[in-house]
Amino acid sequence: MKILVPTKRVPDTDQKITATADGSGVASDHLPFVVNPFDAIALEEGVRIVEKLGDDSEVIAVGIGEADYVHQLRTALAMGATRAICVECDQPLDPWNVARLLKEIVLREQPDLVLMGKQAVDDDANQTGQFLAALLDWPQATFASRIELLAGEIRVDRETDHGIETLRLPLPAVVTTDLRLNEPRYASMAGIMKAKKKPLDVIPVAELGIALEPRVEVLRYHSSETVRRGERLRSVDELVERLRQDVGAQA
Amino acid sequence: MRIVVVAEHDGTAVRGASLSALAFAQSVAAAAGGDVTWLVLGHQVDSVAQDAARFAPVLVVDSPALENPIAEPFARVISTVVKERGFELVAAASSTFAKDIVPRAAAQLGGAMASDVVRHELVDGRLQLDTPRYAGAVTATVVLQGSPQIVTVRGSAYAAAQPSGETHGVERLELDSAVFNCRGSYEGLKSKQNARPDVTEARVVVSGGRAFKNAEDFEQHVGGLADALGGAAGSSRALVDAGIAPNELQVGQTGKIIAPEVYIALGISGAVQHLAGMKNSRTIVAVNSDPEAPIFDVADYGLVGDVYKITPELIEKLESHAVGLSR
Ligand SMILES: Cc1cc2nc3c(=O)[nH]c(=O)nc-3n(C[C@H](O)[C@H](O)[C@H](O)COP(=O)(O)OP(=O)(O)OC[C@H]3O[C@@H](n4cnc5c(N)ncnc54)[C@H](O)[C@@H]3O)c2cc1C
Ligand SMILES: Nc1ncnc2c1ncn2[C@@H]1O[C@H](COP(=O)(O)O)[C@@H](O)[C@H]1O
Chain A
53 MKILVPTKRV PDTDQKITAT ADGSGVASDH LPFVVNPFDA IALEEGVRIV
103 EKLGDDSEVI AVGIGEADYV HQLRTALAMG ATRAICVECD QPLDPWNVAR
153 LLKEIVLREQ PDLVLMGKQA VDDDANQTGQ FLAALLDWPQ ATFASRIELL
203 AGEIRVDRET DHGIETLRLP LPAVVTTDLR LNEPRYASMA GIMKAKKKPL
253 DVIPVAELGI ALEPRVEVLR YHSSETVRRG ERLRSVDELV ERLRQDVGAQ
303 A
Chain B
91 MRIVVVAEHD GTAVRGASLS ALAFAQSVAA AAGGDVTWLV LGHQVDSVAQ
141 DAARFAPVLV VDSPALENPI AEPFARVIST VVKERGFELV AAASSTFAKD
191 IVPRAAAQLG GAMASDVVRH ELVDGRLQLD TPRYAGAVTA TVVLQGSPQI
241 VTVRGSAYAA AQPSGETHGV ERLELDSAVF NCRGSYEGLK SKQNARPDVT
291 EARVVVSGGR AFKNAEDFEQ HVGGLADALG GAAGSSRALV DAGIAPNELQ
341 VGQTGKIIAP EVYIALGISG AVQHLAGMKN SRTIVAVNSD PEAPIFDVAD
391 YGLVGDVYKI TPELIEKLES HAVGLSR
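Listed in order, the protein sequences are those of chains A and B. Residue 72 in the working numbering is what sits at position 20 of the first sequence, and the numbering runs on without skipping anything. Residue 199 in the working numbering is what sits at position 109 of the second sequence, and the numbering runs on without skipping anything.
There may be inaccurate statements among the hints.
Stated by the list, open to error - Calculated Cβ distances over 12 Å to all of chain B for the following chain A residues:
| id | residue |
| --- | --- |
| 1 | Asp66 |
| 2 | Ser109 |
| 3 | Glu110 |
| 4 | Ala151 |
| 5 | Arg160 |
| 6 | Lys170 |
| 7 | Ala185 |
| 8 | Leu188 |
| 9 | Tyr238 |
| 10 | Leu252 |
| 11 | Gly282 |
Claimed, not checked - With a straight-line Cα cutoff of 20 Å, these simulated EDC-like cross-link-like pairs (lysine to aspartate or glutamate) come out:
| id | chain 1 | residue 1 | chain 2 | residue 2 |
| --- | --- | --- | --- | --- |
| 12 | B | Lys280 | A | Asp298 |
| 13 | B | Lys399 | A | Glu265 |
| 14 | A | Lys155 | A | Glu290 |
| 15 | B | Lys399 | A | Glu290 |
| 16 | B | Lys173 | B | Asp125 |
| 17 | B | Lys407 | A | Asp298 |
Claimed, not checked - Take a look, some chain A residues computed to stay more than 10 Å from chain B by CB distance:
| id | residue |
| --- | --- |
| 18 | Val86 |
| 19 | Glu103 |
| 20 | Arg220 |
The hints are simulated quantities; they were obtained by calculation from the structure and are not laboratory data. Quick caveat, the model's predicted, so the values are computed rather than measured. Backbone N, C-alpha and C fix where the C-beta goes; we use that ideal spot for every residue, glycine too.
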């Protein structure tokens, strides 16, 4: 079984993110970068499937972006990916173009399953997996919290607003991961050492023969701030009083 | 601009979040000129179509293939109707239903999509859309290139559209059977029966965090306070992960994003991912034993103390004061 895992490089989510003063982007110079948390979950799931099958199955991590992406791809290898592909592209990318480039990689690699994050925690778009599934005309299951392998098929539990939905899909398919699918492992020292010897191909984006078609033009970024009263209360009685003012009056 | 809004429904009526998407669409149409039409998809959805027709004209695609929400046929139906009818803007709610199918349709329509629109403005004939990034820490103002434009709209950012006072027309569409092809199969939905309103629909939401040790305590304190205020019960991810609260209660970046009139956080620390889901609530109340908890930074009213002591006292006093909200 061949599993392709697209991984994005994103700022660590615990950091405070602000827009630059001129609104042209976010202030990122000081930020540590990580593998997008949902992609780490996708990697973990892929690695577990391969470990369970115990054959020559492989997990291929793919990242599309600046040369720095190789750092996060090394992390993916250390977590257990078999090999990695870095598509080097220094132009800004939106989900449409990421999906178009990923499609080319899928056509080259012919995986049985594309496992990826439901959303990148920088742009929070939640689009790329669905775009890719549409471009490939493959079935999709988004927001997976459980994946079961059947013969030539998968059964996926999906987290929705109304509860857990179960879908059965034939392979090949695109599956996007939700938080509760698994707890990704940390890369061990041995994993990090092994990763150094694993193949990491760097492909210049031009080699894929896809002209970028920008779809999302960002005019400006601004930091979101709301001002709060910040009043500290001393007793439950005071809280009841405030709730009566704020809540009761609207009833 | 010709605009279509995907009507999400419960089999009987249009959901509130879609009425917010309709309000967005009507506002764009008012500024740019144009018209707004509903698209109702499903099986045996006459009552949904009738409900929708109180607000705007309705197109209906009714087929057994659309009985259950599976992205493949739903997306193809949407993209087919949008192409056939020449719609230039497609709007839907920011729900898991729409987030699954609408991007798939968007890719079939050229990929010009923005998720989670919270504000819009027509400037020199171009539709500028505000979309939150980085768990809401930053907002990007974007313009989509190409047509049609496809958006999902945050229910918390747009007040629900009101009925127009007249009954609009309902048109049933017949599509080629190939449009309904589907390789996957739907095996069911497991939901906890929740008698309380959904967090996305309630005016008051009471959420519990890791302070609560088990499901009974959560139900008694969080559920009890929600009931005392006629509101919904929500939770942080910590409790969902621990199996103490059901999944659909999760508020946050990766749960539901809400802006009720009052949000009460009980024993929740206030991680950025949680704040992303509730920080636009009108009034925020926090109860936490740690005076330094970051949740207090976004709270209008903060009370330091043990939720196991404070919540029962609060429930009792609220009940005797009869403070409550009708939904
Ligand atoms: C990619 C990603 C996405 C995420 N998405 C979400 C999301 O959508 N929603 C979400 O909520 N989280 C999300 N998280 C998790 C988030 O980072 C936090 O871990 C989580 O919100 C913490 O939940 P909590 O506040 O209940 O628990 P904790 O952080 O453990 O806080 C518990 C709080 O309760 C207080 N407390 C303890 N006992 C008592 C008591 N008896 N009385 C009063 N106070 C008490 C403590 O002082 C503390 O402040 C996400 C994380 C990641 C990495
Ligand atoms: N530049 C990228 N390189 C590799 N994978 C990506 C990239 N951008 C997005 N993805 C994948 O698409 C998923 C959803 O991203 P998004 O649609 O931007 O929220 C991510 O979790 C990744 O798996």
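Tested hints:
1. Asp66: Check fails; 7 Å does not lie beyond 12 Å.
2. Ser109: 23 Å, holds
3. Glu110: 25 Å, holds
4. Ala151: 7 Å, violated
5. Arg160: The assertion about Arg160(A) holds, with a minimum of 20 Å to chain B.
6. Lys170: 8 Å, violated
7. Ala185: Ala185(A) is in fact no farther than 12 Å from some Cβ atom of chain B, at 6 Å.
8. Leu188: 10 Å, violated
9. Tyr238: 18 Å, holds
10. Leu252: 28 Å, holds
11. Gly282: 7 Å, violated
12. Lys280(B) <-> Asp298(A): 37 Å, violated
13. Lys399(B) <-> Glu265(A): 58 Å, violated
14. Lys155(A) <-> Glu290(A): Roughly 59 Å separates the two Cα atoms, so the pair is violated.
15. Lys399(B) <-> Glu290(A): Judged against 20 Å, a Cα distance of about 15 Å means the pair holds.
16. Lys173(B) <-> Asp125(B): Roughly 16 Å separates the two Cα atoms, so the pair holds.
17. Lys407(B) <-> Asp298(A): 16 Å, holds
18. Val86: 13 Å, holds
19. Glu103: 23 Å, holds
20. Arg220: 5 Å, violated
Checked against the numbered hints above, the structure violates hints 1, 4, 6, 7, 8, 11, 12, 13, 14 and 20; every other hint is satisfied.
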